[in-house]
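Novice: In case you want the letters, here they are:
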Amino acid sequence: MNAPEVTLQSVTGVDVRLRIAGAGSRSFAFVIDWHIRLILTLAWLFGGTFLFFGTVALADIDGEGFSSAYLFVVVVPTLAIYFLYHPILEIAMHGRTPGKRIAGVRLVTREGDIPSAGALLVRNVFRLIDALPAAYLVGLTSVIFTSQHVRIGDLAAGTLLVFDNTEKETSFEAFCNAQQQGLSPQAAELVYELLDRWKTLEEPQRREIACNLLARLDPNLTVHSLVTETTADLHDRLKRLLPGTGLT
Amino acid sequence: MSASGGSEFGLQAWFASRVETWRGLAPILQSLERKHRHSPADAAKAIEMYRALGRDLSIARRILPDTRTTQALEQRFAKLHALIYRKPHDWRASTLTLFREEIPAVVHELRTAILWVSLLFALSAAAGWWLVSTYPELIGLLASEEMINGVERGRLWTDDILNVVPSSLLSIGILTNNIVVSLMAFCVGVFFGLGTFYIISMNGLMLGAIFAFTHQHGLAGSLAKFVVAHGFVELSVICIAGAAGVMLGESLIRPTHATRRESFQKATAKTSRLLLLCALLLIGCGFIEGYISPNPDFPMINRLVIGIGYWVVMVGALTGRLFGKRRVGV
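Chains as they are written, first to last, in the working numbering: chain A, 995 to 1242; chain B, 8 to 337.
Pulled out of the complex, with its shape left as it was, chain A reads as follows (with noise of 0.2 Å):
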């Protein structure tokens, strides 16, 4: 199924389409932010302890012992690491995160601009809806019952989490080096599907489609020449065609 589209208008007449990502892509990058939360306010919460107390055996350090200084360079500090990383890093990053980088998607507003730190911080105190009851069951739902796939807090703030991904970035390098070596756009693109669809297709079937597509790009070569080779070598100068495509 094809994502949703929101298509924007601009002076130069050409209109601006952004793809519009869903509950997947969305959840993905959630997952992704959450580890790195963790990890980060655990190594920093780990570390200024074990600095502290020498251990990071909460339950062996005496009651006590937690001084106001610990307090405020260790507890403090791990709590706004928590609950601060998404605001801060979607204001500092742009509308992205690490997570939504990965997943590649990025927010914008409706507007198709970079949201302002204002919007990102009104969506982000919307988690506090979005969360309602558990693990985001409310901004789910909304999620997946809204046309553009927008949480409470999306719709609060007026932003869209539309696709960005890299992938094409690296495949768009592909294609330009595909043309030096005279490939038109339309046989890069084949020539991409294939390698792309590589490991899921069955063994006489990619074969097939490999002989016939590499026939047609060089007059030089022939099914009946190319039959004779193995899969290995087949699948190697489709990859010399599109070097730097980064597929395996």
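Hints are computed from structural coordinates only; laboratory data are not their basis.
It should be emphasised that the depicted structure is a prediction, and the values quoted were computed from it without experimental measurement.
Just so it is clear, CB atoms sit at the ideal spot from N, CA and C, and this is done for glycine as well.
Be aware that one or more of the hints could be misleading.
To be verified - Facing chain A, according to a computed beta carbon distance under 7 Å, are these residues of chain B, among others: (1) F22; (2) R58; (3) G61; (4) A79; (5) A85; (6) Y92; (7) R93; (8) L190; (9) V197; (10) S279.
Fit chain B to the given chain A structure using the hints.
Specialist: Coordinates of chain B only, in the frame set by chain A:
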């Protein structure tokens, strides 16, 4: 590859002529994204790129529909669009405008809602007082057992608080809790305002009930002494946040724009500015509640002066006078 026709050859030629330009876009986009202050030359270059990319994208959509090349161009075009349309930042001027013009305008618009929410809070407090005065056993529903036992022994839960937690940490705990309560009172307005009514009523009910309970044990004066320095502003801010929440609910019930979504978004954008000031005021309350309120050495008169003085500061901030807004002559 063999050229199968003139059109394909033309496509190849066009692709070849543009490919280097497209390849150079990524680093330029990255540097434009990273920079906070752009020179006029940067801006001119970005606009020129935007126009050229728009032309290329338009051609690509026609001759290479649904290909990765077109999708990648679309992605770069969208990024450039976002960069070009990004609103200019002038933190100092926008902050001053926020506190001097925008927040007072929101407060003015919300004045009726603030009055109604304050009335609801006062009525709930009166109801709480009446309930516990009439049925003392109901305090068990609203206060912890430890708190009840302490009061019954003639001691307020605030008496030895500084012996347990240092003022600095107490302040941070209190201000965080107050900010969360205010934000919650605002956010739950999304449930057509009902959530806000519930939070305001419950807070009022608890306040009235606890005062009634302490009054029964002769400790209401001590509790008032504890509350007076920070309470005026703290309770006012909760009512203001509640009024902002009511506005959210109203924006859904009676939309002011074409759609409920748009109306809700505009109402949130407007009221969230007020919440920023509320949060700042609650930080002040937290410090007063951590350093002054639990300190038995502070006499009542000093607490009263601080409480009323801070409330006057709050009114000054809400009307913009504190930040230099002048009264408009009639």
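Novice: Now look at each hint and say whether the structure bears it out.
Specialist: Comparing the hints with the structure gives:
Evaluation of the B/F22 hint against chain A yields a held restraint, the C-beta minimum of about 5 Å falling below 7 Å. Because the smallest distance between the Cβ of B/R58 and any Cβ of chain A comes to about 6 Å, under 7 Å, the interface hint for this residue holds. With a cut of 7 Å, the hint placing B/G61 at the interface with chain A holds, because the nearest CB-to-CB distance is about 3 Å. The restraint placing B/A79 at the interface with chain A holds, with a minimum CB-CB distance near 4 Å, inside the 7 Å limit.
A distance limit of 7 Å between C-beta atoms decides the matter here; for B/A85 the minimum to chain A is near 5 Å, and the interface restraint holds. Among the interface hints, the one on B/Y92 holds; its C-beta lies about 5 Å from the nearest C-beta in chain A, closer than the 7 Å criterion. This hint holds: B/R93 has a C-beta 5 Å from the nearest C-beta of chain A, less than the 7 Å allowed. With 7 Å as the threshold, the beta carbon of B/L190 comes within range of chain A, its nearest partner Cβ sitting at about 6 Å, so the hint holds.
Against a cut-off of 7 Å between C-beta atoms, the interface hint on B/V197 holds, since the closest Cβ of chain A lies about 6 Å away. Annotation: B/S279 was flagged as interfacial toward chain A, and the flag holds, the nearest CB pair being 5 Å apart, inside 7 Å.
The structure agrees with every numbered hint stated previously.
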